[in-house]
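Here's the letter readout for the chains.
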Amino acid sequence: ILNVEQSPQSLHVQEGDSTNFTCSFPSSNFYALHWYRWETAKSPEALFVMTLNGDEKKKGRISATLNTKEGYSYLYIKGSQPEDSATYLCASGVNDMRFGAGTRLTVKP
Amino acid sequence: GAVVSQHPSWVICKSGTSVKIECRSLDFQATTMFWYRQFPKQSLMLMATSNEGSKATYEQGVEKDKFLINHASLTLSTLTVTSAHPEDSSFYICSARPSAGRTEAFFGQGTRLTVV
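In order, the protein sequences belong to chains A and B. Numbering follows the numbering used here, with no gaps: position 34 of the first sequence is 531. Numbering follows the numbering used here, with no gaps: position 25 of the second sequence is 31.
Don't take each hint at face value.
In silico DSBU-like pairs for lysine-lysine, Cα to Cα no more than 30 Å straight-line [what the hints assert, rightly or not]:
1. K605/A to K47/B
2. K20/B to K539/A
3. K575/A to K72/B
4. K556/A to K20/B
5. K70/B to K539/A
6. K20/B to K555/A
7. K47/B to K556/A
8. K539/A to K72/B
9. K554/A to K47/B
Since the hints were derived computationally from the structure, they do not count as laboratory data.
Take these sequences, add in the hints, and give me the full structure.
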């Protein structure tokens with residue numbers, strides 16, 4: 498994998514559903530993986546920075562895992578709420594962060 | 007904490023004019039700031055990295071004479087789009103890193119530039 502790729506591109510779920518999406522990144526020369534939550538007309542909000550293979554981080558109902566050897570990270574949202582609706586971005590690197598195109602999540606009440 | 011303010015949030019300018027976008031870290035000092043550009047439905051593309059007091063490092067394919075970056079203080083970086091053309095119309099967003107050795111970067115709100 499040469500670029501950072503996210504899937505799916507968009508996702509529609511019902512309130513209360515749990516969901517997850519994927520970020521794939523180059524596994525060579527890995528330094529850090531970032532997850533951001535980006536609501537329309539606001540600044541992207543940093544969710545997690547992960548550096549260690551096997552790392553798992555949690556913030557409320559949102560958690561993320563990291564596999565640096567195979568080059569992927571999963572973001573999980575448990576019991577989705579309408580306020581979780583946003584675009585979720587991942588990025589690999591530090592000085593030259595490379596972003597995926599994002600997963601646009603819509604949670605219907 | 008860790009608030010980055012970007013101004014303006016949107017701007018419309020005429021072809022041939024220059025536009026300045028400011029990126030300020032409000033509650034921390036940022037040794038490094040980053041400028042990105044985003045085309046519709048595409049990912050954020052890094053344009054340049056600016057370090058306080060030194061020249062910016064531009065990514066391949068980004069014209070440094072067209073996109074002037076100044077990082078004169080630890081809380082302010084500016085991006086000036088010179089002699090703007092309609093193809094420069096895009097979404098520009100900055101981020102700032104609190105200090106060397108930290109991996110987090112905090113983003114401004116972005117600027118929607120339309121050149122007419």
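Verification of the supplied hints:
no., hint, result
1, K605/A to K47/B, "holds, 22 Å"
2, K20/B to K539/A, "holds, 26 Å"
3, K575/A to K72/B, "violated, 45 Å"
4, K556/A to K20/B, "violated, 45 Å"
5, K70/B to K539/A, "holds, 28 Å"
6, K20/B to K555/A, "violated, 47 Å"
7, K47/B to K556/A, "holds, 28 Å"
8, K539/A to K72/B, "holds, 27 Å"
9, K554/A to K47/B, "holds, 28 Å"
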